[in-house]
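Add chain W to chain R, keeping to what the hints say.
The listed protein sequences correspond, in order, to chains R and W.
Per this note's numbering: the first sequence = residues 193 to 526.
Per this note's numbering: the second sequence = residues 193 to 526.
Calculated from the structure, these hints are not laboratory results.
Some clues are possibly wrong.
To be verified - List time: in silico BS3-like cross-link candidates among lysine-lysine, alpha-carbon distance up to 25 Å:
no. : chain 1 : residue 1 : chain 2 : residue 2
1   : R       : Lys258    : W       : Lys258
2   : W       : Lys283    : W       : Lys258
3   : W       : Lys258    : W       : Lys237
4   : R       : Lys470    : W       : Lys194
5   : R       : Lys194    : W       : Lys194
6   : W       : Lys470    : R       : Lys194
7   : R       : Lys237    : R       : Lys258
Predicted model only: the values in this text are computed from it and were never measured.
Protein chains: 2
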Amino acid sequence: MKKLINDPTAVVGDALDGMAAVHPSLSVHRNPDYVTRDDARNTGKVALISGGGSGHEPLHCGFVGKGMLDAAVPGAIFASPSANQIHEAAKHVATDAGVLFIVKNYTGDRLNFQMAADLLRSSGIDTEVVIVDDDVAVEDSTHTAGRRGTGATVVVEKIAGAAAEAGLPLAEVADIARRVNDNSASIGIALTSSIVPHIGQPNFDIGPDEIEFGVGIHGEPGRRRAALRPAAELFTDMANAINSELELQTGDEVIAIVNGLGGTPLIELYVMANELAKFTEQHGITLSRALVGSYVTALEMTGCTITLTRVTSDLLDYWDATVDTPVLNWTPTS
Amino acid sequence: MKKLINDPTAVVGDALDGMAAVHPSLSVHRNPDYVTRDDARNTGKVALISGGGSGHEPLHCGFVGKGMLDAAVPGAIFASPSANQIHEAAKHVATDAGVLFIVKNYTGDRLNFQMAADLLRSSGIDTEVVIVDDDVAVEDSTHTAGRRGTGATVVVEKIAGAAAEAGLPLAEVADIARRVNDNSASIGIALTSSIVPHIGQPNFDIGPDEIEFGVGIHGEPGRRRAALRPAAELFTDMANAINSELELQTGDEVIAIVNGLGGTPLIELYVMANELAKFTEQHGITLSRALVGSYVTALEMTGCTITLTRVTSDLLDYWDATVDTPVLNWTPTS
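Bound-form chain R, shown alone (with noise of 0.2 Å):
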């Protein structure tokens, strides 16, 4: 095992602490651990938080800051953050407009973000939970009744976080999100296995000329092992079982992220976005936006993940609003 660490068992914090020290516009608070945009609420406004288990950064620490998450919750690595590290995140955060969770479909999440919910609900605070399931790969999967969330979740958090800054009341920032969800489908490739610091031993094993086709960002299975074959043929492949789901139509917009799951390199990351821009292309479909680079990843797995998001100009309104995180960082062009 390789890696730049110190104690396998003191990444998360080690790595939380250098937050600290790089991102001034992040608060990073210890035992339980979690980070919020500042240390003043944002009275008046929903209060957006989400988190899950750590090897996944930039997600979810990393899009912490105006116009997306008040709060982000982060777990050992590949767990589930606890229902009371939750409820004291959000109990740091929350105002009178409200709470809403942002939670990928993983079983460990669900069950304490719900118990975080149940817990601020009696206390009063108006809670709403939003599930993230964009992962067309399998419909259950390790840790997971039903599809898996992945790259949807970048979109879902930065659309809410907008609507959430525009003022809109708690069921309509919940109504968003979730119309974000239901718009939205990714899938994944994984060439090689991450491993946990603490385990020190490949999630998975896999040959030298062969892909997970469909692969969680945990390096759950996928669909099928499958050949490594040419970027635009794997592309193809990914395409066309994200619009079995979609099913785009010729004048659709969309939102795009090609993902990279931790270890691979910008340039390839461009290869697979030549390619997206030849799909949308050759179906008419408008490609109104596109992220590329590493934003939910898995350690150092490489491959990637294709995300795509059927938008209205609504979505896209909301989309392009100001936004001020470590990693996602703009202003509306004028």
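Frame of chain R; chain W shown alone:
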């Protein structure tokens, strides 16, 4: 060789086409290949141009935009762009205020940028060349007379870009760029090698418990083959190598880059950032600004480089000035 590519000889072109599809703020020109900020010249502003071999993404194309580069010129993987290619890019963005070339210190890059500078001057365009040679690992190296240029390139491009945007004349922008380089030092470590697509074999062999201390961004040998150790010990060795050059004093302020070499997951870079914060605190140095991520890469090589730049308040103001590129994007906080 496991890569998300098509034809191994077409990787750079495919990636440039992908960039064109997803970054509307960039104009991607093909044959000869170069990327410009937009199709308009920024009259009255010194034009900043950088470039070098591909395989180091997002360097340099990801730093094209307002407040940073006017053009970037990518060569083949790990190979200098041609003098003609550089000259064409420069002609596209040159203004009456002149042209500044920012060149990493590799023999091929120096030669070709120098030839392009001569061509520009012969057609009456005032041109300065600034060499970046921040890598303290070795004095001479494969492809290099003198020290190699690595992570400080980003700092030079950002600060000189802001100085140019502020309307400073060519000689002053060049002086500022040289001041940044003179106050910067970097060193890298590799845990694994990269593979150049059209070669198909690792650049170097390295054992399962070994690192290359002082590696170059093309996998060039550094100071020594050493044992993999905890991040804190590796960081201390790197910081000492840097500091024996910079001789930082209590009270100094630095900009730091904790840079992944392409295959390194972000969580490990934050672990290294935590070691950086301990180092600066122990030495009474102010960590004024820091970037943590993969900015100057070597394809899928794992490991990192650390760059420290000693800054004064004027340089820090240029660092904080508005920048709008695919990678760095911020406005000063008031």
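Verification of the hints:
no.	hint	result
1	Lys258/R <-> Lys258/W	holds, 23 Å
2	Lys283/W <-> Lys258/W	holds, 18 Å
3	Lys258/W <-> Lys237/W	holds, 11 Å
4	Lys470/R <-> Lys194/W	holds, 23 Å
5	Lys194/R <-> Lys194/W	holds, 19 Å
6	Lys470/W <-> Lys194/R	holds, 23 Å
7	Lys237/R <-> Lys258/R	holds, 11 Å
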